[in-house]
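S.K.: Kindly generate the complete structure, drawing on both the sequences and the hints.
2 protein chains.
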Amino acid sequence: MKEVAIIGIGMTKWGELWEKSIRDLKTEAALKCLDDAGVDKVDAITVGAMSGGLFNGQEHLASIVADYLGQRFIPSTRVESACASGGLAVKTAYMEIASGLSECVLAVGVEKMTDVDGGEATFALASAADQDFEAFHGITFPGLYAMMAMAHMDKYGTTLEQLAQPSVKNHYNGSMNSHAQFPFKVSLEQVMNSTTVADPLRLLHCSPITDGSAAVLLAPVEVAKKMNKPYAVILGIGHSTDTIALCQRKSLCQLPAVEEAAQRALKMAGKTIKDIDFAEVHDCFTIAEIMVMEALGVVEPGQGGPACMDGLTALDGKFPINPSGGLKSKGHPVGATGVAQIYETVSQLRGEAGDRQIKNARLGLTQNMGGSGASSITHILEARS
Amino acid sequence: MKEVAIIGIGMTKWGELWEKSIRDLKTEAALKCLDDAGVDKVDAITVGAMSGGLFNGQEHLASIVADYLGQRFIPSTRVESACASGGLAVKTAYMEIASGLSECVLAVGVEKMTDVDGGEATFALASAADQDFEAFHGITFPGLYAMMAMAHMDKYGTTLEQLAQPSVKNHYNGSMNSHAQFPFKVSLEQVMNSTTVADPLRLLHCSPITDGSAAVLLAPVEVAKKMNKPYAVILGIGHSTDTIALCQRKSLCQLPAVEEAAQRALKMAGKTIKDIDFAEVHDCFTIAEIMVMEALGVVEPGQGGPACMDGLTALDGKFPINPSGGLKSKGHPVGATGVAQIYETVSQLRGEAGDRQIKNARLGLTQNMGGSGASSITHILEARS
Chain Y
1 MKEVAIIGIG MTKWGELWEK SIRDLKTEAA LKCLDDAGVD KVDAITVGAM
51 SGGLFNGQEH LASIVADYLG QRFIPSTRVE SACASGGLAV KTAYMEIASG
101 LSECVLAVGV EKMTDVDGGE ATFALASAAD QDFEAFHGIT FPGLYAMMAM
151 AHMDKYGTTL EQLAQPSVKN HYNGSMNSHA QFPFKVSLEQ VMNSTTVADP
201 LRLLHCSPIT DGSAAVLLAP VEVAKKMNKP YAVILGIGHS TDTIALCQRK
251 SLCQLPAVEE AAQRALKMAG KTIKDIDFAE VHDCFTIAEI MVMEALGVVE
301 PGQGGPACMD GLTALDGKFP INPSGGLKSK GHPVGATGVA QIYETVSQLR
351 GEAGDRQIKN ARLGLTQNMG GSGASSITHI LEARS
Chain V
386 MKEVAIIGIG MTKWGELWEK SIRDLKTEAA LKCLDDAGVD KVDAITVGAM
436 SGGLFNGQEH LASIVADYLG QRFIPSTRVE SACASGGLAV KTAYMEIASG
486 LSECVLAVGV EKMTDVDGGE ATFALASAAD QDFEAFHGIT FPGLYAMMAM
536 AHMDKYGTTL EQLAQPSVKN HYNGSMNSHA QFPFKVSLEQ VMNSTTVADP
586 LRLLHCSPIT DGSAAVLLAP VEVAKKMNKP YAVILGIGHS TDTIALCQRK
636 SLCQLPAVEE AAQRALKMAG KTIKDIDFAE VHDCFTIAEI MVMEALGVVE
686 PGQGGPACMD GLTALDGKFP INPSGGLKSK GHPVGATGVA QIYETVSQLR
736 GEAGDRQIKN ARLGLTQNMG GSGASSITHI LEARS
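Residue numbers (my numbering), protein chains in the order written: chain Y, 1 to 385; chain V, 386 to 770.
Hints in this document: simulated from the structure, not taken from any laboratory. Backbone N, C-alpha and C define an ideal beta-carbon position, used for all residues, glycine too. Treat each hint with caution, since some may be false.
Unchecked claim - Okay, derived cross-link-like pairs now, DSS-like style, lysine-lysine, Cα gap no bigger than 25 Å in a straight line:
1. Lys659/V / Lys703/V
2. Lys635/V / Lys41/Y
3. Lys267/Y / Lys387/V
4. Lys652/V / Lys2/Y
5. Lys267/Y / Lys659/V
6. Lys229/Y / Lys41/Y
7. Lys2/Y / Lys387/V
Stated by the list, open to error - Chain V side only, calculated, beta carbon under 7 Å to chain Y, not exhaustive:
8. Met386
9. Gln516
10. Ile629
11. Ser636
12. Gly687
13. Gln688
14. Pro691
M.R.: This is the structure in structure tokens:
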């Protein structure tokens, strides 16, 4: 199989960016990425976006990226897997290269979520759940994850303090990330006393509504070797799906698609989770980070909560998680999130993460999730120079 | 490069199917396809759909297909390129195989368009155009293609009779297609006297709003060889993009992305357009079929209209186009159209097209277009047995 490298990364500031359109955002991230790689022409583009239709009245997003980069007539593909659309864009870019169809491929993730009002945004996000059997009846994503949190607390004794801790950690990490939407620290008390959204989840357990974009450039490793600077190689890719409706799962407090995707990626990479130095994971709600830790095998089922309190996943812990600040602090423009996970991982592997730099970061894992775990995509990246 | 075959095909009846949900449609087409191939387990799925969000309040469509086929946990990817989403699903399935990630991959195209009212459907379809610079200001697709038709008539002298003829031919072909939404013949007079939609386009120049799904199964050619029945091999794939806004093109009566995609596919196949026996093309409006003929190089620019009157593209002509009945008669569930083009082409290559069978059909071409030509995907398929 062809070895594919990531030779460039770029992203916009994330936040409530009323002065920038979806077109502006993805073009800015893409241009920053091409600048980083020192490349001005690509052979193909992939675009991850969840719902250009519901957020922006704009589908057909892939053609716009090619056009506004001045690269009309190249192949450009938009992919969607709800909040895992960004990870899917990177996987699809890999396939463009590994299939032999293209050589140098740009993967862009984007979402412009603040041009609609809160109710419309909630409706758009709920289209990642089962419309007929979930969303139509009124449940929204905070409600779905609240049920998962309740089940986890009931089965494993996970506490409210444990549920709050990933937010504290991720805001601490994000306070050092200039791209983050909310680059400030929060205390355990602030998280636990914030407004209730869907019991037991409070405002500071939840990732925000965000505008933003991120881009990464993929090329065969032979191209990367000629660049005379550090790069990352994609060692493994895993992609898996599950029932879209939470009620059709065997358990509310397991994420089998996350486990399957991780196992596929680790197998392809020839690694185990013990080999991994750090991970960027999908903390759309703090309970998600806890359940993902368990699904990845970082800790045993039920041990995610206690492990958060032990500092296992802190920047200086044994298995740092979300050095970028995660979805919680950095923000969650849904289609961009999976690409930004790759951005952070490559930054860490190149030793360019500044105050957030993890020591001896050689092997990183990303985990990008759609809906309440109905899809998951994992990449494993290795540092090379 | 790995040689990939199409080893199974399936589709639903197309039409105004109020008793079937989007979930029902794609599952039915997928099951028919698996039955046709005699396969009950696939390694991955791709789904082409334009706007599950705006038509159905349902994104995350790929997970649903895997789940309802009883194949949870496999990778499943939704792609979108407006009305070219189906062709893109087939291309992406090819990449899953050629990249080495998967072996047997199901490509499903679907759109369920009649659950919203006419205005909402028009808004959803207009999201394939430039929202900021076209749709927001009120133009819809009949208007965009009407401008293209006017420009073509002005530049080349294309007549109203010529503009009507593809509809007559496609309805004749579709009258023999049991899957078609409108399986009946129309006369030149009926087309020319039908209600004006956007001058010069009349109702019978326009493809309809349709519910429907189609699916095809891809596998390495070694798998196909063991099946002891005729199959088709993908010789070439071409994918190209252009400005999303029609007003930013150099000419209103050319489709350079269609030309580029076809040239890429022909080059990959090692063929010229003269080698091709027949084609399924994107006749969303009759002017589109005329302009596509010119872009593919079937006739010189400006000669599309006269060629329609000469019978060049009739079932028994030298270069049959749209033996299925095309989008005009068969219907146009936008995400399904590109997959159904492959369905028809494989049917023809297997010699199973019944009354519509083209004699000596060995090499077929499909051309699936997004928007007013902002994306195009071409496949070239060869008969094998």
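S.K.: Hint by hint, say whether it matches the structure.
M.R.: Now for the hints, and whether the structure bears them out:
no. : hint                : result
1   : Lys659/V / Lys703/V : holds, 10 Å
2   : Lys635/V / Lys41/Y  : holds, 22 Å
3   : Lys267/Y / Lys387/V : holds, 23 Å
4   : Lys652/V / Lys2/Y   : holds, 23 Å
5   : Lys267/Y / Lys659/V : violated, 47 Å
6   : Lys229/Y / Lys41/Y  : holds, 19 Å
7   : Lys2/Y / Lys387/V   : holds, 13 Å
8   : Met386              : holds, 5 Å
9   : Gln516              : holds, 4 Å
10  : Ile629              : holds, 5 Å
11  : Ser636              : violated, 14 Å
12  : Gly687              : violated, 22 Å
13  : Gln688              : violated, 24 Å
14  : Pro691              : violated, 28 Å
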